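When you get a sec, could you build the whole thing from the sequences and use the hints?
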Amino acid sequence: MPLLVLDEGGALRRAGLEDYVEAVKALVSLVPVGRVTTYSTIARLLGVSPRLAGRALSLNPEPIVYPCHRVVRSDGGLGGYSVGGAPFKEGLLRLEGVPVEGGRVDRVYIIDEPEELLDP
DNA sequence: CATCGAACCAACC
DNA sequence: GGTTGGTTCGATG
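Position one of the first sequence corresponds to residue 566 (our numbering), numbered consecutively onward.
These are computed hints drawn from the structure, not numbers from a lab. Please read all numbers here as calculations on a predicted model, not as lab measurements.
Pairs of lysine to aspartate or glutamate, DMTMM-like flavour, derived with a Cα cap of 25 Å: (1) Lys590 / Asp671; (2) Lys590 / Glu680; (3) Lys590 / Glu627; (4) Lys590 / Asp640.
This is the structure we're talking about:
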């Protein structure tokens, strides 16, 4: 059963990409500076596939307001970035105090448990 | 460690 | 109907 949401008219409809974008924006805003989370974690919280989570993030090209750059792959790899690509993403992470070695973020900086995000 | 293939789900062709 | 993504996971070398 897919996720359902209410539209402006109060009618129940299937969630679309736009809805997931809203959801991921809210979630990445919870990630503290100096830490990152993963596509997998976000996907599990939303109950969608990791790919869909990535797609939702790529649809929101506002890196400053909503820090999509704090989302990396579950193996520590950077993953992609819609604006400026991975190099720009890497730069942003460094600025926030997250070291990137060999194209990877150390596991200690990664939040991969939902509770860690919800009850910091 | 590196690569491979299948599964993921909405959007787009 | 088939392809495509800011991916993942297990299996295999």
